[in-house]
Amino acid sequence: MKRIMLAAVAVTMMLSGIAVSSADGGTLVIATTQKPRHLNPAVQSGIATAVPGTQIFATPVRFDENWNPQPYLAESWAFSDDGLALTLNLRKGATFHDGHPITSKDVAFSIETIKANHPFKTMFGPVEAVDTPDDHPAVLRLSAPHPALLLALSSALGVIIPEHIYGDGQDPKAHPRNSDTVGSGPFKLAEFKPGEHIILEKNENFFLEGYPKLDRIIIKNYKDVTSMVLAMDSGEVDMLPFLAGTRDIARLRKNASIEVTDQGYAAVGPLNWLAFNTKHEIFKDVRVRRAIAYAIDRDFIVNALHGGFSTAATGPVHPGSPFFAPDVESYDLDLAKAAALLDEAGYPAGSDGVRFSVELDYLPAFAEQQKNVAEYLRPQLKKVGIAVQLRASPDFPSWAKRVSSHEFELTMDIVFNWGDPVIGVHRTYVCSNIRQGVIWSNTQSYCNEEVDALLDAAGKEIDQAKRQTLYRQAQQIIVDEVPLAFLNTLPYHTAYNKNKIGNPPLSIWGAMAPLDKVTVQ
Amino acid sequence: MGLIWLIGKRLLYAVALITAVLVLNFSLLHLAPGDPADVIAGEMGGATAELLAEIRALYGLDKPFLVQLGLYLQRAYQGDLGMSFYYNLPVVDLILQRLPATMLLVFTALSFATVGGTVLGVLAARKPGGFTSSMVTLLSLVGYAAPIFWTGLMLIILFGVVIPIFPISGLYNVAKMATGLSRAVDIAHHLVLPSFTLGVVYLALYSRLTRASMLEVMQADYVRTARAKGARERTVYLRHALRNAILPVVTMAGLQFGSLISGAVLVETVFNWPGLGTLVFESVIARDYPTVLGVLFFSATLVIAANLVTDLVYRMIDPRIRLQD
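So the sequences go chain by chain: A and B.
Here the first sequence is numbered in the numbering used here, starting from 1 and rising by one per residue.
Here the second sequence is numbered in the numbering used here, starting from 1 and rising by one per residue.
Everything labelled a hint here was simulated from the structure, so no lab data went into it.
Where a beta carbon is used, it is the ideal one built from N, C-alpha and C, also for glycine.
Hints are supplied without guarantee of correctness; some may be wrong.
As the list claims (entries may be wrong) - Subject to a maximum C-alpha distance of 27 Å in a straight line, what follows is the list of computed DSS-like cross-link-like pairs (lysine-lysine):
| no. | chain 1 | residue 1 | chain 2 | residue 2 |
| --- | --- | --- | --- | --- |
| 1 | B | 9 | A | 500 |
| 2 | A | 193 | B | 127 |
| 3 | A | 202 | B | 176 |
| 4 | B | 176 | A | 517 |
| 5 | B | 176 | A | 498 |
As the list claims (entries may be wrong) - Covered stretches of chain A, going by a simulated chain B footprint (3 or more residues, C-beta under 8 Å):
| no. | segment |
| --- | --- |
| 6 | 74-83 |
| 7 | 222-230 |
| 8 | 335-344 |
| 9 | 433-442 |
| 10 | 492-501 |
To be verified - Here's a subset of chain B near chain A, in silico, CB distances under 10 Å, partners left out:
| no. | residue |
| --- | --- |
| 11 | 25 |
| 12 | 27 |
| 13 | 89 |
| 14 | 92 |
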């Protein structure tokens with residue numbers, strides 16, 4: 001009897017031992033204020049759709065935290081020697097959530113759909129055709145070498161969608177299954193309540209053996225940031241990505257069970273800048289733009305306004321990118337130089353000390369990045385004789401309308417790099433992208449043929465070192481000509497419960513990448 | 001006859017009113033700068049001119065304003081409120097998903113305010129100038145003067161952070177995955193703070209109304225008669241006095257149903273309550289015209305229905321109105 005008891009105790013201990021050591025199962029609750037329109041990243045970019053979208057849809061490759069491509073749905077890949085073809089070898093036996101096998105036809109269909117409907121046209125612009133010689137290899141034929149291609153085939157961008165669901169002839173942008181998705185990622189959609197929450201359940205037949213670790217992910221929508229941060233602080237939620245408020249970051253830092261990290265935002269590469277309308281009478285003179293750049297104290301913005309959580313931005317490329325060039329004109333604060341430049345440009349100070357007055361647009365909804373910086377710029381630029389009138393827009397569409405119609409003089413703006421410069425950097429500077437009515441096109445109307453040629457060459461250069469050189473040259477010219485006064489990086493942080501969460505998402509795409517390895521205690 | 005005539009008249013009035021609400025708001029929304037395509041481009045982190053044109057064509061935004069308005073009204077009268085531009089889902093589905101939460105909030109707040117307000121008012125009227133009366137007056141003054149969002153935030157800090165006994169956000173705890181009775185208990189628990197916040201302003205108002213009205217009625221001849229015939233004090237208060245004194249409260253409750261729904265917008269935002277209020281607020285920012293108009297259509301209908309119900313309740317309480325017909 002005693003022996004049986006002991007055996008029972010031993011078995012129980014063993015079982016409980018197994019339960020503790022294996023961290024499988026559990027529910028991860030993610031908080032966000034972002035409301036996705038729907039969950040199909042093939043036709044909708046942006047953070048809101050990408051966080052759930054990359055759980056539901058797998059991509060051919062994924063990236064680690066050092067910008068290295070890793071096998072995902074494709075177990076291997078190879079570029080042809082001339083760089084004009086990329087062969088993706090898909091994993092055999094991988095299936096969509098409804099059990100249909102994933103074939104090269106789905107890859108071809110997905111790339112065509114993205115090319116035709118996704119806002120980032122440059123991602124698959126050079127892809128002329130996708131050949132499907134067999135079920136598993138897919139060959140992407142290019143009109144020109146395209147070094148950004150693997151990134152475009154990674155998390156958040158190049159999702160593979162099932163042709164048998166989305167290829168029924170309906171407009172993919174308004175497809176009813178965009179909110180009732182079938183993908184092949186680690187999690188499948190269980191419930192989507194727009195603006196409330198998304199519930200994702202484990203995909204038992206996920207193509208990576210032993211993953212995902214979690215049973216369930218719940219993405220909870222909050223209406224305002226304060227109550228979301230309170231929920232994180234009180235332990236109501238486990239993870240809070242894309243946190244940008246520096247007071248909120250500082251508050252959560254004080255909580256002993258919460259880790260707050262800035263890792264995971266290298267690819268999104270968010271920059272905060274002051275944009276000039278270079279068609280405007282005053283700002284078409286590069287000396288005026290330089291004067292303003294010299295008059296702004298970036299240290300003050302970063303340290304005083306943002307509590308040291310943002311970093312100074314010096315050029316068009318985010319410091320987390322391999323194409324970031326540090327050796328550009330740094331525009332260190334120099335009020336005397338700014339005044340001299342303005343004198344030279346023909347704007348002497350009047351009797352009241354004012355040289356000219358301008359209007360600065362901003363969105364008050366971005367309190368720390370736009371409102372506070374705009375309010376700082378007003379007295380700061382006054383020091384060099386520029387009277388700035390602030391003009392707050394009531395909401396995003398009002399601001400977007402004004403800026404995209406080029407009816408502005410100065411505006412605050414936040415723009416993302418989106419991984420590769422081809423996707424998120426070129427668009428702000430190339431002459432061909434000076435468009436009416438399109439927000440985050442070249443709304444500054446900046447045009448320099450030399451920059452165009454350098455960016456074009458860099459976009460097609462396969463050799464990484466040569467590509468970096470071309471981008472460095474382009475950045476030097478752009479920063480020298482200041483179509484934008486670069487201010488700071490957005491202090492995006494991820495807060496997570498460190499006693500509970502294992503393997504937090506720290507790759508270049510952060511939470512916009514599969515959370516298959518994440519565990520909860 | 002009188003009742004059917006009343007309802008018929010109200011229905012005609014309702015159609016005219018809803019048309020006015022839709023036309024006015026459709027025009028106002030189109031006056032706002034930017035359109036859904038700009039919002040969608042913003043969500044996507046950028047777009048191309050071609051894509052924006054495609055989106056506008058997809059949702060009929062490329063047509064002239066009057067054509068859009070005409071098409072919208074035509075469909076609305078056929079009971080089709082259209083598709084949300086933002087979520088690309090039928091507006092009716094979105095509204096029906098959110099309507100129960102708002103109804104629960106508004107009716108709980110309304111019941112709390114009318115019942116609580118009446119009770120406090122009657123208590124206060126018993127001894128004007130006494131302790132209870134002063135406390136009720138003080139409470140109603142504070143309750144009425146405090147802005148809804150401030151009350152909400154203070155309650156969150158008090159009961160969510162300092163003494164954490166009530167949940168401070170949402171309709172229920174999604175992570176709990178509760179069903180049946182435990183889901184109902186969870187919802188009731190989540191309902192406490194928002195419904196109190198929304199109801200307390202009206203509670204204050206109704207307690208003052210009842211108090212004033214009771215004091216006035218207690219001077220009336222029929223109260224003296226009731227006392228003279230030997231009715232118990234309780235009967236005098238509840239059957240003779242209150243029945244007359246409560247009429248203004250019913251009037252106000254009916255009239256204020258609309259303002260209760262607009263108050264719900266603030267309460268829902270503060271407490272992250274997934275109702276129509278937050279939906280309409282988000283939809284205005286997203287320039288999601290069909291959703292905004294759909295919610296206004298629903299809330300206008302509700303207000304009209306509430307006014308009709310008020311009239312009917314009135315006739316139940318006050319036989320004189322029935323006689324007048």
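According to a criterion of three or more residues whose C-beta lies within less than 8 Å of a C-beta of chain B, is the segment 335-344 of chain A covered? violated (count 0)
Evaluation of the interface hint that places residue 25/B against chain A, nearest CB under 10 Å: Check failed: Cβ of residue 25/B comes no nearer than 16 Å to chain A, outside 10 Å.
Checking hints one by one. Is residue 92/B an interface residue toward chain A, by the C-beta closer than 10 Å rule? With Cβ-Cβ at 13 Å, over 10 Å, it is violated.
Verify the interface restraint on residue 27/B: the C-beta must sit less than 10 Å from at least one C-beta of chain A. violated (17 Å)
The hint names residue 89/B as touching chain A; please verify it with the least Cβ-Cβ distance against 10 Å. holds (6 Å)
Does the structure keep residue 176/B and residue 498/A at a Cα separation of 27 Å or less? holds (21 Å)
Residue 9/B and residue 500/A: Cα distance at most 27 Å? At roughly 63 Å apart (the allowed maximum being 27 Å), residue 500/A and residue 9/B break the hint.
Closer than 8 Å Cβ to Cβ for three or more residues is the test here. Does the segment 222-230 of chain A pass it with chain B? This one holds; 5 residues, not fewer than the three required, reach chain B with a Cβ under 8 Å.
Is the listed coverage of the segment 492-501 of chain A by chain B valid when you require three or more residues with a beta carbon under 8 Å from a beta carbon of that chain? violated (count 0)
Straight-line Cα separation of residue 193/A and residue 127/B no greater than 27 Å? Distance of about 52 Å is beyond 27 Å: violated.
Under 8 Å between beta-carbons, do enough residues of the segment 433-442 of chain A, three at least, approach chain B for the coverage claim to hold? Check passed, 7 qualifying residues.
Can you tell me if the segment 74-83 of chain A counts as covered by chain B, using C-beta to C-beta distances under 8 Å and a minimum of three residues? With 0 residues in contact (Cβ-Cβ under 8 Å with chain B), the coverage given for the segment 74-83 of chain A is violated.
Going down the numbered hints, you'll see the structure goes against 1, 2, 6, 8, 10, 11, 12, 14, while the others check out.
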